[in-house]
Amino acid sequence: MHRKFIVVVLALAIVMSVFGLSAFAQEKELYSMIVFTKGAEYFNWTYAGMVDAAKILGDHIETELQGPAEWDASLEARTIDQVAVKQPNGMVVASADEATLVPAINRAIDRGIPVITFDNDSPDSKRLAYVGTDNYDFGAVGAKAMGELLGGKGEVAIIMVPGAGSMEERAAGFEAELARSFPGIKVATIINDEGDVARAESATTAALLANPNIKGVFSTHGYGGPGAAAAVRTLGRVGDVVVIASDYGGPVLELLKTGEIAATVADNPYLLGFQAMMFAYQAAHPTDHPSQNPPFGHVPALIYGGSYIITGEDLQDPEIANLYENPPQF
Amino acid sequence: MNKVIKAVRGMDKQMGVILFLLVVITIVMALDNPYFLTVHNFTVMAEGFLFEGIMALAMTLVIVSGGIDISVGGVFPLSAILMALMVRSGYNYYLAMLIVLLVAAMIGFINNELRRILKIHPMIVTMAMLLTLRGLNLAITDGRVISRLPLGFIEMANKRLMGLSWPMLAYIVLAMVWFVLSKKQRSFLHVYFVGGNPASAALSGIRTENVYRMVYMLSSMLAAVAGILATMVYNSASSNFGQGIEMRVITAVAIGGASLTRGGIGSIEGTILGSLFLAMIYNAFIMSGVSAYYQDVFTGLMLVIAVVLRTQVFRKE
Amino acid sequence: MREAVGIDKVSKSFFGNKVLHDVSLSIKYGEIHSICGENGAGKSTLMKIIGGIYNSDGGTITVNGEEASLRTPQEAYLRGIGIVHQELSLADNMPVWHNIFVNREITGPLGFIKRRDMQQRASEILEKLDMRVDPRAKVSTLPFATKQMIEIGKLLSMDVDVLILDEPTSALSERESQALFDLLLSLKKQGKAIIFISHKLDEVRQISDRVTVLRDGRLVGTLTREEATTDRIVSMMVGRDIDEFYPPKAKRRDGKIMLKCSGLSRKDKFEDISFDVREGEILGLYGLVGSGRTEVALSLVGADKIDSGTVELDGMSFRARSPRQAVKSGLCYLSEDRKQLGLFLEMTLEENFVSSSLERVTGQFGVIQEKQVKSISEQLMEQLGVVPKRSEALAASLSGGNQQKVLLGKWLSANPRVLIVDEPSRGVDIGAKSNIHFLLRELADRGMAILMISSDLPEILGLSDRVMVMHEGRLKGILENTDLTQEGIMNVAYGEVGTP
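Protein chains in written order, with the working numbering: chain A, 1 to 330; chain B, 1 to 317; chain C, 1 to 500.
Do not rely on the hints blindly, as some may be mistaken.
Label pairs and their calculated CB-CB ranges [unchecked claim]:
#1 C:58 - B:180: 48 to 58 Å
#2 B:118 - C:205: 44 to 54 Å
#3 A:285 - B:163: 49 to 59 Å
#4 B:20 - C:322: 32 to 42 Å
Using 20 Å as the maximum straight-line C-alpha spacing, the simulated EDC-like pairs for lysine to aspartate or glutamate come out as follows [claimed, not checked]:
#5 B:119 - C:346
#6 A:257 - A:325
#7 B:183 - C:117
#8 C:256 - C:314
#9 B:183 - C:105
#10 C:260 - C:272
#11 B:184 - C:314
If you want the footprint, here are the derived chain C segments under chain B, 3+ residues with CB under 8 Å [stated by the list, open to error]:
#12 70-80
#13 89-96
#14 109-123
Calculated directly from the structure, the hints in this document are not laboratory data. Nothing here was measured: the structure is a model prediction, and the numbers come from that model. Each residue gets a CB set at the ideal place from its N, CA and C atoms; glycine is no exception.
Whenever a hint applies, use it, and build me the whole structure from the sequences.
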């Protein structure tokens with residue numbers, strides 16, 4: 001009896017302490033950011049932008065970050081449905097894929113919740129606006145850096161997961177820009193690493209062994225760069241093979257400093273989150289001027305955040321280094 | 001009222017604990033968030049766990065038989081993908097469903113044959129199958145989401161019967177059928193014998209291999225049903241569907257009182273309750289806005305508490 | 001009497017090892033026919049062939065005068081033959097009624113079972129056996145003896161006319177065995193043929209009409225009830241006359257008190273148990289399953305708690321917190337169930353031998369010293385007479401008696417000062433049994449204090465220097481083993497007042 005009592009009290013205490021503390025306040029405005037692979041540094045940057053935007057808009061604006069830890073569009077769709085029950089004033093959504101979320105986003109819109117997509121779009125849905133990165137341009141920025149580092153000749157490989165929309169576009173932009181500005185550089189192979197560091201390392205090692213002429217590797221996503229750098233190190237070809245990464249997750253920054261990654265292409269997740277929040281607020285607060293998305297307020301249908309190159313040299317500046325090295329955490 | 005009390009008393013102890021926790025969470029959440037105790041939320045909550053719920057029904061049998069089937073995490077997306085591909089290329093919807101079910105039955109059959117012939121633990125066999133299918137899914141779709149399904153299909157998929165969506169309807173029907181079968185149908189009851197004491201089941205003349213084959217095939221087939229329903233719900237299919245779904249399914253079964261370490265223990269009603277419990281936990285985290293990072297920690301703690309209550313505290317009573 | 005089963009020149013080999021040589025035998029209706037033989041004599045194999053579990057390599061079996069093919073248990077059932085197995089074939093997690101009707105369920109359309117009908121019929125069957133058991137009870141909640149009766153009920157419900165019981169009494173108490181025998185005798189009167197296998201020769205003599213003895217896979221002969229004296233059966237079994245079953249008693253009884261318990265109690269298990277064991281002495285602890293004897297042992301070695309009372313080991317106050325600590329202090333417990341508690345069946349003999357004394361063979365950095373392992377195990381195998389003499393053989397591949405020896409060896413390698421053995425010879429054939437008895441005596445003579453738990457009265461009488469009797473968690477008395485009889489012990493066990 002004694003033991004049973006303790007266990008029951010323990011169970012109660014856990015339930016109460018987890019769910020009981022968050023007071024739900026009605027007079028405030030709630031904006032929900034819904035992402036996939038929640039916990040990824042990238043989405044923490046976007047959420048940091050959202051939080052800062054909310055601060056500018058006032059103390060009555062509350063934000064939350066929701067979404068599955070897995071890259072699973074079906075799970076994200078369920079999260080949208082469940083968040084929509086709370087009737088948040090707006091939702092900003094990074095779509096795990098462009099099609100699967102369509103019904104869920106449309107249901108939220110039909111319930112009067114403005115939905116803005118960011119990072120990854122869902123164009124077939126009724127979402128009001130998309131705040132994104134021009135991935136084609138992103139790839140092109142990478143190609144320019146690659147072309148300059150290789151002196152305009154040689155063979156290169158692209159790390160990507162075939163079929164993942166944004167990576168496909170980055171790869172296409174990369175290839176097109178190479179063809180336009182650096183016709184001496186040939187894309188020798190595509191390396192599929194399934195978005196995983198360890199696989200990136202093993203697959204790149206295999207590719208470099210199979211074709212020693214490959215002098216440059218461009219990863220279209222955040223994990224490929226460190227994987228490729230590890231492969232180059234293992235093969236003892238640091239300095240011989242140029243690695244250009246994507247984004248600026250922790251290992252990428254370290255490797256930029258040691259020079260094992262020559263440069264990384266960065267989009268601007270902070271800005272994406274910031275703008276998405278602003279648009280959601282705008283959409284939730286219509287003006288007298290007639291809007292093209294009644295009953296929601298004015299928002300542009302599409303806006304890009306832009307991409308740029310970060311090199312090891314940039315990180316010499318302690319202020320810049322500090323910014324990148326201490327990513328926000330939620 | 002007396003009947004209710006009697007029913008609760010007669011219940012498995014672990015189910016009692018889960019039911020108690022369900023009530024506690026409901027009360028805490030209702031005080032916390034005015035939207036929690038709404039029909040809409042409960043519908044969404046249930047729909048958020050239907051695929052797992054359906055798969056958990058068949059998984060219960062696998063686990064009761066003393067095995068496990070991880071491969072459902074691969075069958076689920078594969079079925080969604082095949083369904084979407086066939087519908088998109090103009091197959092009759094019902095024919096497409098039938099083909100998907102047959103493919104799934106085949107996978108279950110292969111799982112069992114590998115287990116039988118190679119004599120390796122079903123965990124390994126089905127894990128190998130899971131990895132194979134995940135690779136196959138990527139290969140079939142080239143990693144792309146399959147969408148733009150015919151309007152006729154989407155219309156059919158969005159239809160509601162008595163206000164219930166297809167998945168909801170499917171779950172209610174399947175849960176009832178499974179419940180009745182698990183209590184009354186001969187072959188289903190034999191699963192308990194095979195799981196409880198395989199050697200004696202064989203001595204009693206039960207064809208144990210037939211029983212194993214049945215449970216693995218059913219497991220795959222219900223995963224396929226869930227996959228078909230996913231295609232209908234999302235109007236699309238992708239190889240990234242169902243990440244980690246096998247673990248959620250197994251967790252639901254375990255919370256419902258089935259024993260993963262020795263066969264013969266577990267019930268459909270327990271699994272239904274376990275599914276409901278997990279559905280509510282996922283919903284409660286979203287509704288309360290508490291970081292979902294703690295969700296797994298919380299689920300794990302609840303699982304431990306439920307099992308401790310069952311095996312340690314109530315053991316002597 | 002009509003012949004039920006005729007066995008004619010049946011042979012069987014396993015992996016080229018011939019275990020049955022042209023055995024011929026006739027079983028009649030209305031008789032209890034016992035089969036005796038040492039382990040490995042082929043008794044179980046022969047029964048399994050009759051029961052359809054094994055297929056014979058040669059020879060024929062006739063049932064009711066017709067040649068019968070018995071390739072599966074089902075075919076055997078159809079011919080009216082059923083086996084009650086040594087390891088019960090009941091599913092613990094299922095109710096009694098379903099165990100009785102498993103795979104023969106009364107079903108309606110779609111294979112839907114008719115639960116009520118089966119429960120009804122199950123309770124009729126149980127009533128016939130004079131058992132008061134709710135057919136809806138889960139088997140796991142029932143005592144072992146009841147399970148065995150249910151198994152018999154299951155066979156009877158199949159209209160079985162030939163009943164094979166393989167070691168049915170090995171886990172039963174005296175009283176439960178008597179109930180079983182009453183049942184067998186009444187079944188015999190109903191005209192059933194009953195084949196009975198047991199190591200306990202007094203049981204065999206008590207109930208058999210005929211006794212057949214097998215040795216090394218060959219039929220030695222069949223005795224009538226009158227001819228079947230214990231000596232005769234034993235000499236046929238071992239192929240020689242055995243004059244002396246048991247070793248002599250202790251040489252000296254004035255050794256130091258090694259283990260002394262006063263007022264030990266554990267809630268719901270045992271109460272106020274006090275005794276001592278001296279160096280060089282074997283103290284027999286007699287009690288039935290459920291008397292608390294094993295529980296006392298488990299508590300002593302720290303596998304279970306002691307609520308109150310004191311223990312002294314070699315004159316020092318002692319309370320084991322774990323079996324590991326007990327072993328370190330020189331107190332070892334040799335478990336009753338060698339499969340569940342003691343032996344690592346999937347490991348080799350040498351691994352088993354050293355598993356309780358790893359410190360002795362572990363060198364620097366925790367590395368196991370293979371050489372030492374080898375020498376320890378070879379010495380033990382020599383001493384114990386383990387067959388086969390290969391230290392790298394898997395424990396699972398050994399016969400029951402040899403497994404028991406290995407288990408003994410496992411604890412001997414830890415050099416205990418006090419050894420508690422629980423049912424040391426259960427399920428072991430006569431030769432091996434005697435071997436174990438002499439070994440225990442030798443250990444005692446070398447100065448070990450031994451507490452031997454057993455429900456086998458002849459063993460208790462034959463081996464103990466003193467006998468301690470427990471019943472329902474209480475100590476009923478400690479008796480000097482001079483002129484003790486089985487009846488005397490039983491009287492103490494069931495009597496109202498114990499002699500302290």
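We went through each hint and held it up to the structure:
no., hint, verdict
1, C:58 - B:180: 48 to 58 Å, "holds (50 Å)"
2, B:118 - C:205: 44 to 54 Å, "holds (50 Å)"
3, A:285 - B:163: 49 to 59 Å, "violated (34 Å)"
4, B:20 - C:322: 32 to 42 Å, "holds (35 Å)"
5, B:119 - C:346, "holds (17 Å)"
6, A:257 - A:325, "holds (11 Å)"
7, B:183 - C:117, "holds (15 Å)"
8, C:256 - C:314, "holds (8 Å)"
9, B:183 - C:105, "holds (13 Å)"
10, C:260 - C:272, "holds (13 Å)"
11, B:184 - C:314, "violated (61 Å)"
12, 70-80, "holds (count 4)"
13, 89-96, "holds (count 6)"
14, 109-123, "holds (count 5)"
The earlier numbered hints that this structure contradicts are 3 and 11.
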